[in-house]
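Peer 1: Residue strings, one per chain:
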Amino acid sequence: MEIPNLVGAGLIVIGAGVGLGKIGGSAMDAIARQPEAAGKIQTAMIIIGALLEGLAFGALILGKN
Amino acid sequence: MYLCAKFQDCKIKKVNKMVFNKQFLKNSLTALIVAVPLITFANASQDTVHSSITSRNAAKLETHGKHHETAGQVSQADKINDHISHHLQDAHDFDFYSDEQTGEHHGFPLPVILFDNGLKVFSSAKFNHGENVAEVDGNYYKLYHGRIYKTDVAGTLTFDDHHHPSNAEPLDFSITKNVLSLLFTALLIFLLFTSLAKGFKKKGPNALPTGFNRVLEPLVLYVRDEIARPNIGEAKYKKFMPYLLTVFFLIWVLNLLGLTPLGINVTGNIAVTVCLALFTFVITQFSANKEYWGHIFWMPGVPVPMKIVLAPIEILGMFTKPFSLLIRLFANITAGHTVVMGLIAIIFVAKEQLTVGGSIGTSLLLTLFISVIELLVAFLQAFIFTMLSSLFIGMAVQEHEHDHDHSHDHAHGHDKHHAEDPEIPVI
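Taken in order, these protein sequences are the chains called B and S. Numbering of the first sequence is given in this note's numbering, commencing with residue 266 and proceeding in unit increments. Numbering of the second sequence is given in this note's numbering, commencing with residue 137 and proceeding in unit increments.
In short, the hints are calculated from the structure, not lab data. All C-beta atoms in this analysis are idealised placements derived from N, C-alpha and C, irrespective of residue type, glycine included. A few of these clues could be false.
Listed next, with one range per pair, are the computed distances between beta-carbon atoms [unchecked claim]:
hint, chain 1, residue 1, chain 2, residue 2, range
1, B, Ala-274, S, Val-356, 35 to 41 Å
2, S, Val-356, B, Ala-309, 22 to 28 Å
3, B, Ala-274, S, Pro-436, 40 to 46 Å
Extracted from the complex, chain B is given alone in its bound form (with noise of 0.2 Å):
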């Protein structure tokens, strides 16, 4: 049975999500623990998040063909 591309599409976005979600989750922990730490927690939390949406993307792009 072949599954279309659709589905393995929402399964990369479900993931990305879930990622996405945690990292956003722990760098609220994180500032709200930390206020003052709160620039450098958001610059990591970007950097983290880009590569996460890399990965996503690629799979994303690879998946389509």
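Fit chain S to the given chain B structure using the hints.
Peer 2: Only chain S this time, still in chain B's reference frame:
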């Protein structure tokens, strides 16, 4: 997000105080945001609103080698797909919009420069959007899906098994839509920053800049203080500032141009992002110090068998880093454009279900929403590209003065170096 919002907030505040009066800025910003989806909608409607078309135009609407020459009707989904994929591609002419009933195209042709037994230069108007065969010095060329093929007088294209033309392709150095956009951006950035530099030259480094320079100065300082300095290090960041600033403003301006309804999609072109990532790669490798190569080929502080295992992984990591850079930028912008155009297509797809007014309203709201997010993404992608570039460069040039035995302990990220450890899966 917060960082970015904070930054833009203070930028706008600064602008408010200095350049414009607040009410004017507020009004023009609102008008701009409201106008973006409207203008885009106006363009797309020209292409897809009519469901019945003549067979002559149907011949042009071929998707992925599926030929519809015989059918007078092309399904709406195919037409929308075709329109989106056409937008994502580079083109030999600047096409603002086209009327498919009359077959008229509104735009302007661009010069085609071919290298095929000597230099051939002619206007892309000769192709007439792929309908005509261009004759230059006894050679015949035909435009098919954005590529130029050498043909006979009649313009016959022979196809292989994958529906790709098997005709010979001349070397194409044309000034295409993307090239023109790049040149325009380069000129714009050149003019803006020479005036900024001149201002500082005239008044000294501590003077308050005037005019648009007040917008540029905090951005330059932002790249320096938030991106270059913390990642590359106080000692060496200056050498890389020109590259980082160039890449930041180039990507940002191109991303913003992509949000205008001109149909520009430069940073969503993989060739462009490959080139940008290649610059970062080359700069990283050529400015790398001994320690960087030591960490790649002979990881200090681990047993010998582990060193042998780690070397190929680190060598692979050298290439996956720029690869992830290029994929991220390309995919983000492509996805953004696709989503915006897909949401505009709601107007035509959901016309029956939601009535005309309903589908336009839905599409307008969703497009507005996504456009605002895309404004953020435009900045964020420029920021991320510059940030990661400086991170990779920083990894290559920084002196590791701390004990290497602890340098692979990810759990205690108390030091900047840990964030830059090459073992983070960078994709």
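Peer 1: Now tell me, hint by hint, if it's right for this structure.
Peer 2: Hint check results:
1. Hint check: B/Ala-274 to S/Val-356, Cβ distance near 39 Å, so the stated range 35 to 41 Å holds.
2. At about 23 Å, the CB distance of S/Val-356 to B/Ala-309 agrees with the hint of 22 to 28 Å.
3. Taking 40 to 46 Å as the suggested C-beta distance range, the pair B/Ala-274 and S/Pro-436 conforms, at roughly 43 Å.
The structure fails none of the hints (numbered hints given earlier).
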